[in-house]
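Asker: The sequence shown begins at 1 in the working numbering and counts up one residue at a time.
Any given hint could turn out to be false.
Estimated spans, in silico, between C-beta atoms of each pair [claimed, not checked]:
#: 1; residue 1: THR160; residue 2: ARG284; range: 49 to 55 angstroms
#: 2; residue 1: ARG173; residue 2: THR194; range: 22 to 28 angstroms
#: 3; residue 1: ARG252; residue 2: THR160; range: 34 to 40 angstroms
#: 4; residue 1: GLU210; residue 2: ARG150; range: 46 to 52 angstroms
#: 5; residue 1: ARG149; residue 2: ASN169; range: 38 to 44 angstroms
#: 6; residue 1: ASN169; residue 2: GLU251; range: 34 to 40 angstroms
Honestly, the hints are just simulated from the structure, not real lab data.
As the structure is a prediction and not an experimental result, all values here were calculated from the model.
All C-beta atoms, glycine included, are put in the ideal place defined by N, C-alpha and C.
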Amino acid sequence: MSSDEIGELFPLDDGPGPARPLDEGAADALIAGALDAWEAGEAEAATPAPASAPRWPWLIAAGALLVAGGATAAWLAWPEETPPGETPREETPPEETPPPAPAAPEPAPPLPEVAPTPPRASMEIGEVRVEPEVDEVDEPEAPEARRPRRRPRPVAPAETPDDLLRRANDARRAARWREAERTYVEVTSAYPGTHAAYVAQVSAAALRLEHLGDARGALRLYRSAVRHGGALDADARHGLARAHRRLGQREREAEALEALVARHPGSPFAQAARRRLEELEAAR
Numbered sequence: 001m002s003s004d005e006i007g008e009l010f011p012l013d014d015g016p017g018p019a020r021p022l023d024e025g026a027a028d029a030l031i032a033g034a035l036d037a038w039e040a041g042e043a044e045a046a047t048p049a050p051a052s053a054p055r056w057p058w059l060i061a062a063g064a065l066l067v068a069g070g071a072t073a074a075w076l077a078w079p080e081e082t083p084p085g086e087t088p089r090e091e092t093p094p095e096e097t098p099p100p101a102p103a104a105p106e107p108a109p110p111l112p113e114v115a116p117t118p119p120r121a122s123m124e125i126g127e128v129r130v131e132p133e134v135d136e137v138d139e140p141e142a143p144e145a146r147r148p149r150r151r152p153r154p155v156a157p158a159e160t161p162d163d164l165l166r167r168a169n170d171a172r173r174a175a176r177w178r179e180a181e182r183t184y185v186e187v188t189s190a191y192p193g194t195h196a197a198y199v200a201q202v203s204a205a206a207l208r209l210e211h212l213g214d215a216r217g218a219l220r221l222y223r224s225a226v227r228h229g230g231a232l233d234a235d236a237r238h239g240l241a242r243a244h245r246r247l248g249q250r251e252r253e254a255e256a257l258e259a260l261v262a263r264h265p266g267s268p269f270a271q272a273a274r275r276r277l278e279e280l281e282a283a284r
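Model the full assembly from the supplied sequences, consistent with the hints where possible.
Answerer: Structure (structure tokens):
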């Protein structure tokens, strides 16, 4: 069957060519209906019918359905003819409508202009006091205060031996026995071997024996003065004998007295030494 013959089987829609094709769902429904009709015909054929019932109407209906289904399938496979003088129309995809542009944000209303407030010394807001801002001015750094230089204290000149002896004698006259004794000893340690040290040694020994109750200390100083020798030798030997007597050393006391009388027979201490020797001799 040619395409012209197929085209004549179907009524035309307003344009040339065959009728519009059915969509797949309609074609399937048409074929399914033909098959159902055919199966129904087969079922009726299997059922014994009265001899008088004719079978040809069912056969004609089934044949018509088969012809319609075949024609539909052929038309679906047949390319659509374009009438002469017309250019084939190309199906253009539907234009995509761009999404609506977001609405532009409404401009914010302009802020009301505020006239500048003239500066005041201060403004009070409630209980808070706001001071006007003042530009900070870099103040020149104050120079570091220089520490005053400490002037070295003037060093007092060291006292001479005579100065020390004078100070010790003043304390002795004032009955400051301990101060006088320390000053005499200071002379002996600061100027050993000098005449001032010799005089200070005898004087310190006399203070220990007569006022400070230190007979042993006085004995040591008297012995040192006797070994040194000098103008006060008689005084030193007399004090040595007295120190032995204070300590109860009678034999050594007698020896010291004998040495005093032998070395200084005309001294004031010699006559007293002789009387003490007679007492010691009588006590034996």
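Asker: Now, for every hint given, state plainly whether the structure supports it.
Answerer: We went through each hint and held it up to the structure:
1. At roughly 50 angstroms, the beta carbons of THR160 and ARG284 sit within the given window of 49 to 55 angstroms.
2. About 23 angstroms separates the C-beta atoms of ARG173 and THR194, a value consistent with the hinted range of 22 to 28 angstroms.
3. Restraint check, ARG252 to THR160: a C-beta distance of roughly 37 angstroms satisfies the suggested window 34 to 40 angstroms.
4. Roughly 48 angstroms separates the CB atoms of GLU210 and ARG150, a value that falls within the hinted 46 to 52 angstroms.
5. Checking the proposed 38 to 44 angstroms range against ARG149 and ASN169 shows it holds: the Cβ atoms sit about 42 angstroms from each other.
6. The beta-carbon spacing between ASN169 and GLU251, approximately 36 angstroms, falls within the hinted interval of 34 to 40 angstroms.
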